[in-house]
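Colleague: One letter stands for each residue in the lines below.
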Amino acid sequence: AQSVAQPEDQVNVAEGNPLTVKCTYSVSGNPYLFWYVQYPNRGLQFLLKYITGDNLVKGSYGFEAEFNKSQTSFHLKKPSALVSDSALYFCAVRDYRRDDKIIFGKGTRLHILP
Amino acid sequence: DAGITQSPRHKVTETGTPVTLRCHQTENHRYMYWYRQDPGHGLRLIHYSYGVKDTDKGEVSDGYSVSRSKTEDFLLTLESATSSQTSVYFCAIRDRGRETQYFGPGTRLLVL
Chain D
1 AQSVAQPEDQ VNVAEGNPLT VKCTYSVSGN PYLFWYVQYP NRGLQFLLKY ITGDNLVKGS
61 YGFEAEFNKS QTSFHLKKPS ALVSDSALYF CAVRDYRRDD KIIFGKGTRL HILP
Chain G
115 DAGITQSPRH KVTETGTPVT LRCHQTENHR YMYWYRQDPG HGLRLIHYSY GVKDTDKGEV
175 SDGYSVSRSK TEDFLLTLES ATSSQTSVYF CAIRDRGRET QYFGPGTRLL VL
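Each protein sequence line maps, in turn, to chains D and G. FYI, the numbering for the first sequence is 1 to 114, going by this note's numbering. FYI, the numbering for the second sequence is 115 to 226, going by this note's numbering.
Warning: the hint list may mix true and false statements.
[Said to hold, decoys possible] Just the calculated beta-carbon pair ranges, DEER-fashion:
#, chain 1, residue 1, chain 2, residue 2, range
1, G, Lys167, D, His111, 44 to 50 Å
2, D, Asn55, G, Leu226, 46 to 52 Å
3, G, Ser194, D, Gly29, 35 to 41 Å
4, D, Pro114, G, Asn142, 42 to 48 Å
5, D, Asp54, G, Ser197, 45 to 51 Å
6, G, Arg222, D, Asn12, 27 to 33 Å
7, D, Ser84, G, Val126, 31 to 37 Å
[Unchecked claim] Where chain G lies over chain D, by a calculated footprint (3+ residues, C-beta under 8 Å):
#, region
8, 44-57
9, 97-105
Treat the hints as calculated values from the structure; they're not laboratory data. The beta-carbon is built from N, C-alpha and C at its ideal position, and this holds for glycine as well.
Build the full structure now, drawing on both the sequences and the hints.
Modeller: Below, the structure written as structure tokens:
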């Protein structure tokens with residue numbers, strides 16, 4: 001069965017600094033990986049995905065993520081944080097050869113300090 | 115938002131009563147999902163559907179049932195609501211072509 005771990009409940013970053021939100025995953029087969037963002041009192045919005053190809057994927061709002069197969073990680077990054085990036089971020093995985101389930105992590109709350 | 119609506123958006127009910135939440139989509143997607151969101155637990159998959167009358171269990175399916183009699187509607191039923199089912203419930207579709215999920219606005223359920 002697949003699973004996702006987001007080891008940090010909260011990450012604080014000063015505005016203008018680079019940010020990283022960590023995600024590791026576990027699947028028996030081959031992963032499709034996703035990042036979603038949730039702003040207060042809103043639903044989830046898709047940010048980016050890794051399906052195949054380049055390990056570095058770029059998404060919405062200047063975010064990118066790097067797929068690392070050997071470390072089973074898919075960390076979310078942004079070179080320069082904005083206060084408006086403050087939100088709850090979720091990593092998700094699907095084992096695409098075995099299952100239609102899409103499993104989410106517990107989420108990481110990102111605070112960007114002005 | 116991929117044309118996803120959820121109803122009701124808010125509901126207060128009492129322990130032991132049945133509750134049905136509805137997810138409706140307008141774009142004919144085959145795959146639909148129900149999740150619950152709770153502090154400290156993130157999003158947990160309850161049930162999902164891969165076609166009309168085709169459903170399967172997720173991570174936290176106990177106490178929940180689902181039905182999908184037509185492509186556009188996916189119903190989540192709490193047969194006898196308990197306080198532990200107080201949560202925010204999100205429906206999602208999976209766009210197979212884009213391999214991306216899109217979420218509905220959520221239903222906030224309070225079981226007293």
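Colleague: Where does the structure disagree with the numbered hints, that is, which hint numbers, in rising order?
Modeller: none
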